[in-house]
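Novice: Each chain is listed here by its residues.
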Amino acid sequence: MENGMIFLGLPVAYYIAMIAKVLVVFVCVLLTVAYATWAERKLIGHMQVRIGPKRVGPFGLLQPIADGLKLFFKEEIVPAQASTFAFLLAPLIALIPAFIAFAVIPFGGTIEVGGYKLPLQIAGYIADQPSGKVIDLNVGVLYILALASLGVYGIVLAGWSSNSKYSLLGGLRASAQIVSYELAAGLAIVSVFLMSGSLSLQQIVADQAGGVANWYFIRQPFAFVAFIVYFICSLAEINRTPFDLPEAETELVSGFGTEYSSMKYAMFFMAEYANMITVCAVTVTLFLGGWHEPIPQVVSIGGWEFYLSWANFVIKVYFLIFVCMWIRATYPRYRYDQLMALGWKFFLPLTLLCVVGTGAVVYFFPNGFWGALFS
Amino acid sequence: MSMNPAQPTTTLPPELLPLALYTMAALLLITVLLMAAWWLGAKKRGAVKEAPYESGVAPTGSARLAYPVPFYLVAIFFIVFDVEAAFIFTWAVAWDALGMAGLIHISFFIVVLMLGLVWLWRKGGLEWGPSAEGRRSAYKKS
Amino acid sequence: MDSIFFYIVAATAVISGILVVGCKNPINSALSLIMTFFSLATLYVMLDAPFMAAIQVIVYAGAIMVLIVFVIMLLNIRIESGKRYMHTRVMGAILGAVVLIETLYVIMRPASQNLTGGKGPVDAAMVLNVGHTELIGRALFTDYLLPFEITSILLLVAIVGAVLLAKRKV
Numbered sequence: 001m002e003n004g005m006i007f008l009g010l011p012v013a014y015y016i017a018m019i020a021k022v023l024v025v026f027v028c029v030l031l032t033v034a035y036a037t038w039a040e041r042k043l044i045g046h047m048q049v050r051i052g053p054k055r056v057g058p059f060g061l062l063q064p065i066a067d068g069l070k071l072f073f074k075e076e077i078v079p080a081q082a083s084t085f086a087f088l089l090a091p092l093i094a095l096i097p098a099f100i101a102f103a104v105i106p107f108g109g110t111i112e113v114g115g116y117k118l119p120l121q122i123a124g125y126i127a128d129q130p131s132g133k134v135i136d137l138n139v140g141v142l143y144i145l146a147l148a149s150l151g152v153y154g155i156v157l158a159g160w161s162s163n164s165k166y167s168l169l170g171g172l173r174a175s176a177q178i179v180s181y182e183l184a185a186g187l188a189i190v191s192v193f194l195m196s197g198s199l200s201l202q203q204i205v206a207d208q209a210g211g212v213a214n215w216y217f218i219r220q221p222f223a224f225v226a227f228i229v230y231f232i233c234s235l236a237e238i239n240r241t242p243f244d245l246p247e248a249e250t251e252l253v254s255g256f257g258t259e260y261s262s263m264k265y266a267m268f269f270m271a272e273y274a275n276m277i278t279v280c281a282v283t284v285t286l287f288l289g290g291w292h293e294p295i296p297q298v299v300s301i302g303g304w305e306f307y308l309s310w311a312n313f314v315i316k317v318y319f320l321i322f323v324c325m326w327i328r329a330t331y332p333r334y335r336y337d338q339l340m341a342l343g344w345k346f347f348l349p350l351t352l353l354c355v356v357g358t359g360a361v362v363y364f365f366p367n368g369f370w371g372a373l374f375s
Numbered sequence: 001m002s003m004n005p006a007q008p009t010t011t012l013p014p015e016l017l018p019l020a021l022y023t024m025a026a027l028l029l030i031t032v033l034l035m036a037a038w039w040l041g042a043k044k045r046g047a048v049k050e051a052p053y054e055s056g057v058a059p060t061g062s063a064r065l066a067y068p069v070p071f072y073l074v075a076i077f078f079i080v081f082d083v084e085a086a087f088i089f090t091w092a093v094a095w096d097a098l099g100m101a102g103l104i105h106i107s108f109f110i111v112v113l114m115l116g117l118v119w120l121w122r123k124g125g126l127e128w129g130p131s132a133e134g135r136r137s138a139y140k141k142s
Numbered sequence: 001m002d003s004i005f006f007y008i009v010a011a012t013a014v015i016s017g018i019l020v021v022g023c024k025n026p027i028n029s030a031l032s033l034i035m036t037f038f039s040l041a042t043l044y045v046m047l048d049a050p051f052m053a054a055i056q057v058i059v060y061a062g063a064i065m066v067l068i069v070f071v072i073m074l075l076n077i078r079i080e081s082g083k084r085y086m087h088t089r090v091m092g093a094i095l096g097a098v099v100l101i102e103t104l105y106v107i108m109r110p111a112s113q114n115l116t117g118g119k120g121p122v123d124a125a126m127v128l129n130v131g132h133t134e135l136i137g138r139a140l141f142t143d144y145l146l147p148f149e150i151t152s153i154l155l156l157v158a159i160v161g162a163v164l165l166a167k168r169k170v
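Residue numbers (our numbering), protein chains in the order written: chain A, 1 to 375; chain B, 1 to 142; chain C, 1 to 170.
No lab work stands behind these hints, which were simulated from the structure alone. A hint or two may mislead.
Claimed, not checked - Here are the in silico distance ranges between beta carbons for each label pair:
no., chain 1, residue 1, chain 2, residue 2, range
1, B, Leu-27, C, Ser-3, 20 to 26 Å
2, B, Phe-108, C, Ala-139, 15 to 21 Å
3, A, Gly-371, B, Leu-27, 46 to 52 Å
4, A, Leu-30, B, Lys-123, 45 to 51 Å
5, A, Arg-50, C, Val-14, 54 to 60 Å
6, A, Tyr-331, C, Gly-22, 44 to 50 Å
7, A, Pro-349, B, Met-100, 19 to 25 Å
8, C, Thr-88, A, Ile-65, 52 to 58 Å
9, A, Gly-371, B, Met-100, 18 to 24 Å
10, C, Val-160, A, Asn-214, 43 to 49 Å
11, A, Val-323, B, Lys-43, 38 to 44 Å
12, C, Phe-6, A, Pro-332, 49 to 55 Å
Each residue gets a CB set at the ideal place from its N, CA and C atoms; glycine is no exception.
Working from the sequences, and respecting the hints, build out all of it.
Specialist: Written as structure tokens, this is what we have:
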């Protein structure tokens, strides 16, 4: 291995590649956020036999840009008697965790640039170049959970600091809903820990290599339950329909965002879509095999693995985003007491059961559940 | 500095550097967006404009309502079960070294807290909305 | 590089800690406290204890602070009233003095009795190879089993207490 110049113990090439990687991923996430809004309007439009945006650009493709530009020229209003500091801080607290949670997700295998191997994961590096073993945050899953638990502050602060009744009620509802479902989502992930024996996302993905039969969601019955519960609870945690009570237009105007205008309003909007992308990416990583292809070794020539690995990931994530939008077009909104009852009386006991069940299965069937069942 | 992979050369893990960079990129974007909106947006102030929105009616009373008690209960139960989850995480990662004994211990732990959940369910700690209490007492009367 | 980073994080922790007591608005105090927890989590990461860092953020910043923020909102105190109580100041002064003396004692003692730099059975290489979370899990379910099971009873008592207190109010 040729090291070239060394800066703080690592070759300079590492830094250049790292900066390039960060920028490319960041721009991709941003574009996905922008075009998720377009895709959602278009999709739901067609599902409801409408056309959706079509005026700005071909197929309305420039619509997100027009929306963004419009918001730049809107006036920023801070309501009288609002707690200014908290009011200004709230959209930032909502948006930043939504963006940076993506940084620990491995979105591909490794690539080789100029003889230097790089992992396709932002918070990962390869210390041992010949073997190409990726070292990442060894509590990656907990990092995501921690950031998810911070998102609640943006909403609670927005609701409280606006000095408006709609905002307060929206913030209140949102905070109780988020913490309730965060619990069930966190406990559902335990099934994954039990199967992988690790909290590192790289190891979780590596353990799911070798085709669809090895993906965690299908390995054993409890894992499948955990997968469904995790996805639903995550939708509730990020306030997606049918759990979007905090922003229920018919009763609360715009919920915690009622008093926000201009770019600060757009930030809550961006946070919602960024959260959706992160949740879909995490679900893919934890349960749907990460960047591994469903049928292994179809194409294993030269550089193809590189294209395949991230393309697999992107296709799976986009499919889940599509499912989110599909759910939004299909289901009506819950009533608040139903929502809380669902979280505490159904999902929480179910996930606790899942934890013990998965534990028992991994203990009694160390060589795989289905194999033991059908042999 | 040496490049021995078995020993970390720094106390700060190198995988955190790109993480910090990514956070910085996010912060930079947000700052640019906010500055641009502040620079481009209209700035006309007025007492009516700054009044809180109440569906077009002049605002009445304070917006600082006292939170209903169930919301505290949710926060307290959340802490309790969050701590439980933290303990479960440690077991889930080390279950193969702990074996059967670990499975039995964690099952006991979970059962105790399930009992707590069932108890507070029966006590009505999970009831929501002002109507729930009334509905139940109405059932009892009939 | 590392020591610079450490000083930045430590300074953030101390400054936000001071702001917790100094802020007039209780919500801003709560936000400063979250910032303090965050800095502490960063220090845990630097000490090769990523699991502690994650739990610090999930439980302290994510759960306990939610309750505190709820309480601040219920009590409906926007700006701290000018009245300060004498006995809290006296208690604070006594506690501060005790902690100061303790710190000075630890700093001044001879190097042979130093508290820092002591080595337990777990070292950095072990954390790197086995994993921090696994080590905690093993210790918790073997050496510290009884305290762990008692914790479950403690959490149960917390649930019961919360329901009983709240029910009296409703």
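Novice: List, from low to high, the hint numbers that the structure doesn't satisfy.
Specialist: No numbers; nothing is violated.
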